[in-house]
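Undergrad: One letter stands for each residue in the lines below.
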Amino acid sequence: MARVHNWQLGRDMSYWYPEARPQSQFAAVFDTNKCIACQTCTLACKTTWTSGRGQEYMLWNNVESKPYGFYPLAWDLNLLEKLGPQTWDGDRYAGRTLFEAAEAGERVLGWRPEELDYAHPNVGEDDCAGAAVERGSEVQLPHDKWFFYLARICNHCTYPACLASCPRASIYKRPEDGIVVIDQSRCRGYQECVKACPYKKTFFNPMTGTSEKCIACFPKFEQGLQPQCFVNCIGKIRFAGRISTPEHAREDNPIDYLVHVKQVALPLYPQFGLEPNVYYVPPIHVPRRYLRQMFGPRLDHAMDTYRHAADDPDLAALFCLFGATERVVPRWKRVNDVVVGMDEQGAEIVRVPVREPVFIRQAFDAARGVTRTNVP
Amino acid sequence: MHRLAVLDLALALAAGGGAPPPPASEVVAVRRATLPTAPDDAAWRDVPAFAAPLVPQDMVEPRLLEPSTREVAVRTITDGTRVALRLEWIDETRDDLPGTGRFSDACAVQLPARVEADVPAPQMGETGRPVEVSYWRAAWQAVVDGRPDTLQAIEPAAAPDHYPFDAPPLAPGSPEQQAMAQRYAPARALGNPMSGPRAQPVQDLVAEGPGTLRPADHGRSEGRGVRTAHGWTVVVVRPLPEGLRPGQRGQVAFAVWDGAHQEAGARKMRSAWVPLLVEDAR
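In the order they appear, the protein sequences are chains A and B. Start counting at 1 in the first sequence, then tack on 943, and there's your number in my numbering. Start counting at 1 in the second sequence, then tack on 6, and there's your number in my numbering.
Calculated from the structure, these hints are not laboratory results. No experiment lies behind these values; they were computed from the predicted model shown. Don't be surprised by glycine CBs; every beta carbon is placed ideally from N, CA and C. Keep in mind that a hint or two might mislead.
[As the list claims (entries may be wrong)] What follows is a set of in silico ranges between Cβ atoms, one per label pair, in the way DEER data are often shown:
hint: 1; chain 1: B; residue 1: Pro174; chain 2: A; residue 2: Val1278; range: 47 to 53 Å
hint: 2; chain 1: A; residue 1: Ile1177; chain 2: B; residue 2: Thr156; range: 33 to 39 Å
hint: 3; chain 1: A; residue 1: His948; chain 2: B; residue 2: Asp167; range: 47 to 53 Å
hint: 4; chain 1: B; residue 1: Gly152; chain 2: A; residue 2: Ile979; range: 44 to 50 Å
hint: 5; chain 1: A; residue 1: Val1278; chain 2: B; residue 2: Pro203; range: 56 to 62 Å
hint: 6; chain 1: A; residue 1: Arg964; chain 2: B; residue 2: Ala164; range: 37 to 43 Å
hint: 7; chain 1: B; residue 1: Gly152; chain 2: A; residue 2: Thr1188; range: 36 to 42 Å
hint: 8; chain 1: A; residue 1: Arg1055; chain 2: B; residue 2: His224; range: 32 to 38 Å
hint: 9; chain 1: B; residue 1: Gln206; chain 2: A; residue 2: Lys1025; range: 39 to 45 Å
hint: 10; chain 1: A; residue 1: Glu1165; chain 2: B; residue 2: Glu285; range: 31 to 37 Å
hint: 11; chain 1: A; residue 1: Glu1165; chain 2: B; residue 2: Leu71; range: 52 to 58 Å
hint: 12; chain 1: B; residue 1: Glu98; chain 2: A; residue 2: Glu1058; range: 19 to 25 Å
hint: 13; chain 1: A; residue 1: Ala1017; chain 2: B; residue 2: Ala164; range: 48 to 54 Å
hint: 14; chain 1: A; residue 1: Pro961; chain 2: B; residue 2: Gln184; range: 42 to 48 Å
[Claimed, not checked] Derived list of chain B stretches under chain A, where covered just means 3 residues or more per stretch with a C-beta under 8 Å from a C-beta of chain A:
hint: 15; segment: 104-115
hint: 16; segment: 156-162
hint: 17; segment: 181-192
hint: 18; segment: 198-210
Whenever a hint applies, use it, and build me the whole structure from the sequences.
TA: This is the structure we're talking about:
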């Protein structure tokens, strides 16, 4: 194994291949606080990419109700249990990554889901409310009742476990944008990647005999457009772009600003060691003890920052760019109470007011002597 | 030897009685005018079996740590240009359905691409010194034997309600319809030979070391496998390795995958190189 640097862990770590960062890295920020689990993202992906035979069960994008929703079943719990308790020393990870904890004969610490584990996406999503409203809660939980929606795609990791695990190097990171893809002409369907990916975002297709995964809609991304699950999100929780390493972070890059400058968006299970590139604004109503395990030691800072985002003109403005355009917005600036999204050359792509004007319409129209319904 | 005796007895009974020939100390390609292609062909009856011991592939990750199939009984017949290899092994479970976490039973024959005094590394060859592999898979055999290329054939309970490429106004079988269907089957669209449906249960491959396996330029192997009471019997017919003449010795190696043991790719039971004597014409 080679030694590579993982900035999310604050240290070097072991990886199957030497460090070779792409020229640019696809990345995204998901604001979990805005997600309503409508699954429009899931359908957008499904209809675009996985409507074929053998892809029926595949959800390259899914939204699960944490803590008890999973796809596949118990994907994170199984691995956390297998990895065992690990510790952080401040911002530095003192535990073992999946590569460092690999068992004898393996490249990665993983587990293999069975078909039934995919049979009930998001099982348990309604448990907090009970099966019927009049019956009340169906399950008694060992903690106060809370839940949040976790939207998930492939994390297009800097150190993908799927890529490391493939014995014939059928998986690669595109050098131009870091998107992780499975070469469909080379894959022989050994399913090592299905076992190795901790996020369980590679899927075996029984009709083609190969494994398939999220491709970050690269045909769109190449044209400067955000993926389907981003632009169809009615909650506007998603923002796609490119991320720099911390030492090269630019304040005018929206992803860099949210991840590196404000540190309000955090990687999912950074302790696994993959340096995942989808970053989450944590749900601010959920107990921190749970979220710390999921998002790492910078959780408190992110939670506090987001809670006070309304008092931070720049941060509040930047969140208004989410879902504002289909285009990828690599640069941004705030001009008074307007946020402007720009291309690499600084040309304006989109302009959004930070606060929409408010109009109050009286319910009773005295001039016409009628009560209005809620129509324009 | 106990297992081999069982296999020999089974073969003898299937062939209609008669004492089997004594076990061989190497793989001997017996010279015959014609090559049998069926595993139960009577021609196999008087061909001596070599019991090739199998060990777990534990040299490169991912490794197989727990042994499964201990040996494979090999019988070989040649007509001077082609060679038929009959592999027989015990596997109590039939695994020929693809699926998540499901793996197919399979076997493979490996030969050096060139006959030289010094053989390439037994594990998939080495750079500049390729090996040729004839790979048989039970899941492919099932399709060749008539299992439909449909989802319901492998997932009987599946009831998909809609495929966009099967919906009007696309006419079934029209070029437009097929082109759209391929868009949702990328491996098939790219002609990946793994992606089926296949006309042959055997695939020709070339390798120059672990992880380098690739389809051969030309498919030259044929084969057929049948499920027996306690395992599989597979016949692979392919050309003799280039430069291996009747009367000479070459090398051959074998591998067996047990699907129930989640074996695929590098996780396999394999043999070392075994001497292969090609009998001269009588």
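Undergrad: Look at each hint and say if it fits the structure.
TA: Going down the list of hints, with the structure as the test:
no. : hint                                : verdict
1   : Pro174(B) to Val1278(A): 47 to 53 Å : 51 Å, holds
2   : Ile1177(A) to Thr156(B): 33 to 39 Å : 36 Å, holds
3   : His948(A) to Asp167(B): 47 to 53 Å  : 48 Å, holds
4   : Gly152(B) to Ile979(A): 44 to 50 Å  : 49 Å, holds
5   : Val1278(A) to Pro203(B): 56 to 62 Å : 60 Å, holds
6   : Arg964(A) to Ala164(B): 37 to 43 Å  : 42 Å, holds
7   : Gly152(B) to Thr1188(A): 36 to 42 Å : 56 Å, violated
8   : Arg1055(A) to His224(B): 32 to 38 Å : 36 Å, holds
9   : Gln206(B) to Lys1025(A): 39 to 45 Å : 40 Å, holds
10  : Glu1165(A) to Glu285(B): 31 to 37 Å : 60 Å, violated
11  : Glu1165(A) to Leu71(B): 52 to 58 Å  : 43 Å, violated
12  : Glu98(B) to Glu1058(A): 19 to 25 Å  : 22 Å, holds
13  : Ala1017(A) to Ala164(B): 48 to 54 Å : 23 Å, violated
14  : Pro961(A) to Gln184(B): 42 to 48 Å  : 43 Å, holds
15  : 104-115                             : holds (count 6)
16  : 156-162                             : holds (count 4)
17  : 181-192                             : holds (count 5)
18  : 198-210                             : holds (count 4)
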